[in-house]
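A.B. asks: Read top to bottom, the protein sequences are chains A and B. Numbering-wise (the numbering used here), the first sequence opens with residue 1 and increments by one. Numbering-wise (the numbering used here), the second sequence opens with residue 1 and increments by one.
For identical chains, the list gives no copy identity; a pair is met inside one copy or between any two copies.
The list that follows gives simulated cross-link-like pairs (lysine to aspartate or glutamate, DMTMM-like), each with its CA atoms no further than 20 Å apart: (1) Lys2 to Glu175; (2) Lys200 to Asp258; (3) Lys2 to Asp12; (4) Lys110 to Glu336; (5) Lys2 to Glu174; (6) Lys2 to Glu171; (7) Lys354 to Asp145; (8) Lys27 to Glu175.
Just so you know, these hints were derived from the structure itself, not from any lab.
2 protein chains.
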Amino acid sequence: MKYRDLLNGVSDVELLSMGEGTTPLVKSRRIGFSLGLSNLYFKLESLNPTGSYKDRFGALAISGLLATNAKFCLATSSGNTGASLAAYSALAGIPCHIVVVDGAPAGKLKQMQAYGAHLWMLRDFGIDESVTQRAFEGLQRMAIDFKTSVQISAFAYSPFGMQGVRSIAYEIAEEQPGVQHVFVPAGGGGLTLAVVQGFKQWSDQNSNFQMPQVHCVQPEGNDTIASSLRNGAPRCQAIPVSTTSISGLQVPSVIDGDQVLKTCSLHGGNGYVVTDHDVLELQRQLALSEGIFCEPAAAVALAGAHKALQNAEIKNDDLVVCLVTGHGFKDPKATEKIIEGNPLKHIVKLEELKSNLNESN
Amino acid sequence: MKYRDLLNGVSDVELLSMGEGTTPLVKSRRIGFSLGLSNLYFKLESLNPTGSYKDRFGALAISGLLATNAKFCLATSSGNTGASLAAYSALAGIPCHIVVVDGAPAGKLKQMQAYGAHLWMLRDFGIDESVTQRAFEGLQRMAIDFKTSVQISAFAYSPFGMQGVRSIAYEIAEEQPGVQHVFVPAGGGGLTLAVVQGFKQWSDQNSNFQMPQVHCVQPEGNDTIASSLRNGAPRCQAIPVSTTSISGLQVPSVIDGDQVLKTCSLHGGNGYVVTDHDVLELQRQLALSEGIFCEPAAAVALAGAHKALQNAEIKNDDLVVCLVTGHGFKDPKATEKIIEGNPLKHIVKLEELKSNLNESN
Chain A
1 MKYRDLLNGV
11 SDVELLSMGE
21 GTTPLVKSRR
31 IGFSLGLSNL
41 YFKLESLNPT
51 GSYKDRFGAL
61 AISGLLATNA
71 KFCLATSSGN
81 TGASLAAYSA
91 LAGIPCHIVV
101 VDGAPAGKLK
111 QMQAYGAHLW
121 MLRDFGIDES
131 VTQRAFEGLQ
141 RMAIDFKTSV
151 QISAFAYSPF
161 GMQGVRSIAY
171 EIAEEQPGVQ
181 HVFVPAGGGG
191 LTLAVVQGFK
201 QWSDQNSNFQ
211 MPQVHCVQPE
221 GNDTIASSLR
231 NGAPRCQAIP
241 VSTTSISGLQ
251 VPSVIDGDQV
261 LKTCSLHGGN
271 GYVVTDHDVL
281 ELQRQLALSE
291 GIFCEPAAAV
301 ALAGAHKALQ
311 NAEIKNDDLV
321 VCLVTGHGFK
331 DPKATEKIIE
341 GNPLKHIVKL
351 EELKSNLNES
361 N
Chain B
1 MKYRDLLNGV
11 SDVELLSMGE
21 GTTPLVKSRR
31 IGFSLGLSNL
41 YFKLESLNPT
51 GSYKDRFGAL
61 AISGLLATNA
71 KFCLATSSGN
81 TGASLAAYSA
91 LAGIPCHIVV
101 VDGAPAGKLK
111 QMQAYGAHLW
121 MLRDFGIDES
131 VTQRAFEGLQ
141 RMAIDFKTSV
151 QISAFAYSPF
161 GMQGVRSIAY
171 EIAEEQPGVQ
181 HVFVPAGGGG
191 LTLAVVQGFK
201 QWSDQNSNFQ
211 MPQVHCVQPE
221 GNDTIASSLR
231 NGAPRCQAIP
241 VSTTSISGLQ
251 VPSVIDGDQV
261 LKTCSLHGGN
271 GYVVTDHDVL
281 ELQRQLALSE
291 GIFCEPAAAV
301 ALAGAHKALQ
311 NAEIKNDDLV
321 VCLVTGHGFK
331 DPKATEKIIE
341 GNPLKHIVKL
351 EELKSNLNES
361 N
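Please work from the sequences and hints to get the whole structure.
C.D. replies: Dropping the structure here:
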């Protein structure tokens, strides 16, 4: 691992790797200009081994389990975290048991199953707040009994693994040291927190490096952190139920939110609330006019950057990075929406194609 | 592009990029040892932007079209080539028309459609040899009329784009200069040819570098090149119809095969024929015991390496690289087979999980 000396407690741990991290940071060629941003970059976390940034967490989380001689991984997930933990458990050669959100999409479950994970769909888990809370507590007790620890991708639960996520910031800082704004999608806020912490570490070690502003973007149906950050509130607000349709960002509890408030605001970071409609439209545009096929949650950062520009809170030529957190293949249902209106055409002769080209050219 | 000076005719071409290439070369942690190979590496081409090595082709192919002011891309595909050309056409801002194989899997078509490509499914194309041949010829005439060129991922048709694929070899040579054997899956042979050419270029420019042996692996239902290479035959053999089930390797015509014969044999490369059964079993094992979720065609190279070891044509501790050409998400039907026997379990209380853990630990 390239940035090993920036991580705590890993000096005597065998670090598992299957090529996570060192993802491309690509300059927008078209969509930035159409939105009015001439210096826009995408960090393609979707190109990690299991298709999301969670591999930076999974690699370290399972390495940590191996180092403590845990016999298996015990985790909770609605999708991307589970795929990653399942993959690194396979690499480590230990079983992986995942309690999954009731009603989690089959596509995401199948990826976990392909890596051999054992999936347990607990009734009302992730839906009913009290069932969910009792399950978290029960799992933590169970983990102690079996000499393992529960893996949940949040600093509040799994700080050892979450340090791996900070490397996103190291890579951006190293490749684009003039970065001014970084937009990050948030559910429970762990990713945002990791990114700010990573830039802070980098800045502490590189005196010429100027901290960018890290902005937290949430869909309006899951505004637990963003408005609190914008309004300078002292604490985040849990919501009774998440109403966003954006898979992966339905996290009604605060989790890492209060830490996000504290650290983001120290360095000028702001909160942005965006609509599901705008997110889905930008997800479509990323595929159609930039060639970036991502899941809806991965377009949330761009929706935030667009809003910041509309609010005149960033300038046209500011160096802006948006995190693209997960690949389009994660959410086949969302893909069906993108391709509506672009049907496959059945033809019997090539001349039918030629006529069409003649008309359109 | 990192290796720009190794490519021909690109000095005044704007090179499109969305982070293709520079894929991880990871050392096997478990499956190598279980097969008897202690120095086995996987080149994860599955982590390219659209999920396959074809992005190295697509990036250059569409850059070339832009440089000639072509108004659109005209191509043929059964899957991965089309996804890549569609993505780079989106990035370039030009329409992409793809004539697709009759009966091509919906999953692969949807990825092309997500990038906005126009798909034309021509009756019997890719099935009936004469329909296919006439379509190729018709498309080439049509391309001239419209001042574009047909993009097919083979040196015989699209040599400009195919040079991009050689960078796989540059990267392996740079990272593991002691590489001894590289196993490559083949349909029409373009990938194998690109890899040998790439190592040859590298060796010409780096006098200390020793050319590895590049081996061509094919499923037995599409043995157009492999047996000819093994037997020292002067030419490849087209087959009336491909009978392998491995999507992407059903290419009954010779295409780049004769060039593969010539160049592979010059440097000690051999041919390996493997069964679909062995390929699918290794695809499953790659996910379950190495955490690498790939499409079936991407396990063909490993099946070849295993056979080479069984034949005593490579040694246990030889430095062996297998190309993993495409991601598991490309072929949802193959995934269903992997997960058979690992059902999702519905539970009402966490105690049901605990009982299971008590029994199994």
